[in-house]
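Use these hints to put chain B onto chain A, whose structure you have.
Chain by chain, the residues:
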Amino acid sequence: MKFNEFQKSWNTFWLKPASARPLALLRIGTALILLAQAYWVAPQFFAIYGSNGILEGSLRGEFRNSDLLGLYELVVFMLRLGVGETTTLLVSASAYILGLFGLLLGYHTRKAACLTWLTHLLFAGAHVTSYGIDTFIGITLFYFLWMPIGAAYSLDVVSGRTSSEPTSQARWAFRVLQIQLSIAYLFCGIDKAMGIQWWNGDAIWRSVMMPLYAQFDLSWLSKLPWICKVAGWGTLVLEAGYPLGMAYSKTRKFWFLSIVGLHLGIFIFMGLHLFALMMILLSTSAFGLDSLAELSKNPSRIPFLAVDRRPKSAPSFFRYPAEFLPHALPRGEGFRF
Amino acid sequence: MAWRITLGLTLLHLFLVVMGATQMDMKGFGYAGKVIAYYGAITGSGSHFDFFAPSVGSPMRAVFEVKNGEDQVTLEGLGETDRELALRVGNIVDAFRDEIDNEKRRRLLAVSWSKYILTRYPAAQQLKVKLEQYNLPSLKDFEQGEKPKWDSLYSATFIRKGN
Chain A
1 MKFNEFQKSW NTFWLKPASA RPLALLRIGT ALILLAQAYW VAPQFFAIYG
51 SNGILEGSLR GEFRNSDLLG LYELVVFMLR LGVGETTTLL VSASAYILGL
101 FGLLLGYHTR KAACLTWLTH LLFAGAHVTS YGIDTFIGIT LFYFLWMPIG
151 AAYSLDVVSG RTSSEPTSQA RWAFRVLQIQ LSIAYLFCGI DKAMGIQWWN
201 GDAIWRSVMM PLYAQFDLSW LSKLPWICKV AGWGTLVLEA GYPLGMAYSK
251 TRKFWFLSIV GLHLGIFIFM GLHLFALMMI LLSTSAFGLD SLAELSKNPS
301 RIPFLAVDRR PKSAPSFFRY PAEFLPHALP RGEGFRF
Chain B
1001 MAWRITLGLT LLHLFLVVMG ATQMDMKGFG YAGKVIAYYG AITGSGSHFD
1051 FFAPSVGSPM RAVFEVKNGE DQVTLEGLGE TDRELALRVG NIVDAFRDEI
1101 DNEKRRRLLA VSWSKYILTR YPAAQQLKVK LEQYNLPSLK DFEQGEKPKW
1151 DSLYSATFIR KGN
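Sequence lines, in order, name chains A and B. Under this note's numbering, the first sequence has 177 at position 177, and the numbering climbs by one with no breaks. Under this note's numbering, the second sequence has 1071 at position 71, and the numbering climbs by one with no breaks.
One chain only, chain A, in its complex shape (with noise of 0.2 Å):
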């Protein structure tokens, strides 16, 4: 009997239909990033990527950061068939953007998400410019690949070759992306726990006062070097206790606003705004739009500000938005792709 309703509860855990919204949310504004990205990077294209750039020739072959085929090999290999370097590098360049219009647009979203994926792997893959936003930006497409994303939003459902109905399969791919982050998040805090610099403070410190990441002069924090130590602390409490933060629904919405403060901080005060916003569009499509919904809906809700006025009978406010309230799992319903 107790096996039944283990069985019963994992199978609604990972089944039970769902909105593919928050991944559409998710597929529209990686797209808008990347775009962001690309726009900036462009102007020194041939720089970063070209042989006659900062790494000339074979270098950007022998310093790399793993054994992934990249950008270089395929220039080397289009060589060999007699088409040259800038055809190369301007037509897969090309095609990336191509790629992020139809996850914008959501114009056959799954071709468009191969697309991209596969681009994106070659220009950082193994690229020795990648940092930690193509860290995240190559998980999450590598998800597209096979989540629902064009299931809501899209120039696919408008044309009727996809549907926007609550899925199993948009559950399922929402649950992967909850505990992708979970995973991410809590080895974040792990790592940086194992340092000292995050309880002395001068992690913090360090990471405002940098040449590369300061954006003001905040030199005046070493007169009162407890907001760095608390601020280390908090970074640590937040990534560490992601995974149960954002699960317990008492905590979710208070964990859920923190995070995007915390990614606030690093977009306004080391200026890594590209990074900042992707970390706050995960979490808030794994697991923000309900308390966005529900604070919009109520406002006085707000952590810290909230004055609950609340009936000790009334029902908790942490739940899903109409979207995903549960629906009866269809029987015989088995996966859709």
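Note that these hints are calculated values from the structure, not bench results. Treat each hint with caution, since some may be false.
Simulated pairs of lysine-lysine, PhoX-like, Cα-Cα distance not exceeding 20 Å [what the hints assert, rightly or not]:
| # | chain 1 | residue 1 | chain 2 | residue 2 |
| --- | --- | --- | --- | --- |
| 1 | B | 1128 | B | 1140 |
| 2 | A | 229 | B | 1115 |
| 3 | A | 223 | B | 1140 |
| 4 | B | 1147 | A | 223 |
Okay, now just chain B, sitting in the frame of chain A:
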């Protein structure tokens, strides 16, 4: 049945995400390990998530002193004109520090960067490249008066041939 296979693959993938996050070196597990490492690189499941951890490192910069025939000196960088570019170029410069035990590879990087700068200055006769690392005092030391500074790690001078 399809659902069970899908769930099994999903759980396997998430298990590999955890393995990647623990920074386990899969290449030590023979052929299977190499396949897993490659899968991790393609899917992101091999990511370490160790951003700014366990400590916040010191950034490096490359400074170029370009001297023309009249001994006028111009200071140049690698093109950190924009935030996104600065972060990416910063990674290229950081690759220099990773080669601390390999003078040959350091030289290759310095030559590559110098050539890139010289293409912008066709009249330049001499170029000096300096690699520096930012030394930021701790909160306590800064409060006691210690100042941040750029420590020199490497320096080389290149002279254009044919003079």
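Against the structure, the hints:
no.	hint	result
1	B:1128 / B:1140	violated, 35 Å
2	A:229 / B:1115	violated, 44 Å
3	A:223 / B:1140	holds, 9 Å
4	B:1147 / A:223	holds, 14 Å
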